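**Student:** Chain order of the listed sequences is A and B.
Here the first sequence stands for residues 0 to 322, numbered as in numbering that gives the first Met the number 0.
Here the second sequence stands for residues 0 to 142, numbered as in numbering that gives the first Met the number 0.
Treat the hints as calculated values from the structure; they're not laboratory data.
Because the structure is a prediction, the values reported are computed rather than measured.
Where is the CB? At the ideal position from N, CA and C, for every residue including glycine.
Computed cross-link-like contacts, SDA-like style, restricted to lysine to any residue with a CA-CA straight-line distance of at most 25 Å: (1) A/Lys230 to A/His278; (2) B/Lys122 to A/Gln155; (3) B/Lys122 to A/Ile120; (4) B/Lys29 to A/Asp130; (5) B/Lys122 to A/Ile126; (6) B/Lys122 to B/Arg87; (7) B/Lys29 to B/Glu131; (8) B/Lys122 to A/Gly148; (9) B/Lys29 to A/Tyr123.
Here are some, though not all, of the chain A residues that point toward chain B, as calculated from beta-carbon distances under 7 Å: (10) Ser110; (11) His111; (12) Lys114; (13) Ala115; (14) Arg118; (15) Gly119; (16) Gly122.
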Amino acid sequence: MREDHDRNRRINPKAFRIAGVYALIGVLWILFSDMVLLQLVGGDARTLAKLQVFKGWLFIAFTAVLLYWLVCDAFVEGERIERQLEARVVERTAQLETANRELEGFSYSVSHDLKAPLRGIDGYSQILLEDYADRLDTDGQRFLRNIRGGVAQMHQLIEDMLAYSRMERRELVADQLELRALVDVVGAPILEAFRGAGGQVDIDVPAALRLNADREGLAVILRNLLENAVKFSREVESPRVRIDARAQDACVLIRVEDNGIGFSMKYHDKIFDIFQRLHRAEDYPGTGVGLALVKKAVTRMGGRTWAQGEPGKGAIFYVELPQ
Amino acid sequence: MTTENLPPPILLVEDNPVDLDLTLRAFRRKRLSNPIEIARDGEEALAWIDRWRDGHPLPAVILLDIKLPKVNGLEVLRHLRADGVASRVPVVMLTSSSDNGDLRAAYDLGVNSYIVKPVDFAKFIDVAEQIELYWCILNETSG
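Input sequences plus hints: build the corresponding full structure.
**Tutor:** Structure below.
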């Protein structure tokens, strides 16, 4: 910004023109007015001195008018450009709004039209399993269960894509939030099941820690990070998940740590990419949208996120949000 | 069972034949004894308003799909709520997603509840309890 300002001052053509015209008029005035005076008055020094003073005042009055005219012209030009820019901004905003509306319509169609045939496949295969089981051998029943598994996966994929596109375009609403309360509400169903399966949970989030953030965005971040931690540590011996948070430098740093299967640091950027998965679906089911959703929410909320991990030694996910 | 003894009907407004078939099956399996009346688009749904004015028994509940041909579900809902007779009937929206802007519009128009499709009997009973019309949903075995 400052650089732009300096560059404007160096090469601003408008200012250059005004100074140029002003200097030219000055030079011409000095050259020709003295010549004309000498022609008119001759050698009378007293009259010449009086007229020189008058000439000085006349020059000031004349150049003031000239300057006024030049500056006005520059302003009018500036205002015209400003109006043009404003008109362009209005036009672009309208285009963006249209694109957003179209995207919303698209999401709506995705949710409605893609799910409708899935309901049919799922519904009828369920009826086959329930009402026609006696006419299907074990293989036939297994095939049907696989069909239903595929439908469930597709359904989840559609839901996750919708959640992602919603996170991308929804308007954020800043609210004073108590982080601990939100962790408790969002984490309860996820961590309850984890504890039930023998997992250990440590929550170290001060009750007084507040931040100004979008509630839904923060809930998306916490939910996905906790689900991730639980999912990838479930299989290890004495699984442990820890979430802590602290305020530092006008930011809040949230850490979600697990002692699960971890990941190689060569994938540390990739794991936040949408549809990116590091494991086979039969080992760890998922759509590869969760962490992308976290990154999208964090970025939109003006923060940053990163991860550390080591295969077999767990992972730590960090989220830094402005307080 | 005589006509007077019949439980109040349920009006199902659904255009998708698969959703319609699966919903009817789910109700039949649980032996729901309320007669099911069907409208396949928004216009057919609105035609019921005249029948109710002519004395046809009012339904216990209207299950109304949001996305319908001709007249969409929200428009149907608006007409139902504006009608002196039909405005008394609880309306449950059928939607493919709970995260749907139309659902908020439906609540603004005074819808009573919603069911995310597929409609199964358990979800239907949950909603019926929630909007306090459990008493007029009858299973053949219990009713």
